[in-house]
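Numbering (our numbering), first residue to last: 40 to 179.
I should point out that these hints are in silico values taken from the structure, not numbers from a laboratory.
These figures come from a predicted structure and were not determined experimentally.
Hints may be right or wrong, so weigh each one.
[Claimed, not checked] Listed next, the in silico BS3-like pairs over lysine-lysine satisfying Cα-Cα at most 27 Å (straight line): (1) 90 - 142; (2) 103 - 45; (3) 157 - 178; (4) 56 - 45; (5) 158 - 135; (6) 158 - 45; (7) 135 - 167; (8) 167 - 90; (9) 142 - 94; (10) 103 - 90; (11) 135 - 103; (12) 90 - 48; (13) 158 - 94; (14) 103 - 48; (15) 94 - 167; (16) 56 - 157; (17) 157 - 142; (18) 178 - 45; (19) 103 - 56; (20) 94 - 135; (21) 103 - 141; (22) 158 - 56; (23) 142 - 48; (24) 157 - 167; (25) 45 - 167; (26) 155 - 103; (27) 167 - 48; (28) 158 - 142; (29) 103 - 158; (30) 178 - 48; (31) 90 - 158; (32) 90 - 56.
[Stated by the list, open to error] So the derived label-pair ranges between C-beta atoms look like this: (33) 44 - 145: 29 to 37 Å; (34) 138 - 52: 32 to 40 Å; (35) 147 - 68: 35 to 43 Å.
The beta-carbon is built from N, C-alpha and C at its ideal position, and this holds for glycine as well.
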Amino acid sequence: MVAGSKIAKPQRTSIGKIGMLMCYDLRFPEMSRTLASSGSEILVAPSAWVKGEMKEEHWITINKTRAIENGCYVVAPDQVGNIYCGRSIVVDPYGKILLDMKKRQGIGFVNISLDKVKKIRRSLPLLKNRRTDIYSGFKI
40 MVAGSKIAKP
50 QRTSIGKIGM
60 LMCYDLRFPE
70 MSRTLASSGS
80 EILVAPSAWV
90 KGEMKEEHWI
100 TINKTRAIEN
110 GCYVVAPDQV
120 GNIYCGRSIV
130 VDPYGKILLD
140 MKKRQGIGFV
150 NISLDKVKKI
160 RRSLPLLKNR
170 RTDIYSGFKI
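Model the full assembly from the supplied sequences, consistent with the hints where possible.
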């Protein structure tokens with residue numbers, strides 16, 4: 040696997056507009072923000088999150104943070120195995136974990152409400168209230 044040179048545009052699906060990330064991309068908030076600003080209502084981040092000191096805590100915290108700061112769902116399937124955290128989760132726009140597969144292999148289901156995405160983006164308009172005029176001069 041090699042790093043890409045551009046971000047794939049979000050795709051409209053029968054369940055909502057989906058933006059795709061891969062594993063390590065979650066550690067960079069700019070990518071999630073770019074996808075959310077482009078209309079993503081659901082971020083999907085298939086991962087192979089390797090175990091290590093505080094790595095499972097990072098996994099949970101980062102996925103909850105991406106959901107909250109972008110007002111969207113995060114669907115984060117994680118590889119199960121000896122060297123991976125294996126915590127496949129789904130987080131709602133409020134940061135609530137709706138599904139946690141723990142360390143189990145399998146398929147999980149959740150109900151996704153695009154009305155919830157719209158509601159939180161209206162009540163807490165983080166994407167709309169960004170002040171790019173202030174920080175656009177900084178190299179980010």
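Checklist entry - Out of the numbered hints, which ones does the structure contradict? => result 3, 6, 8, 12, 13, 15, 17, 23, 28, 31, 32, 34, 35
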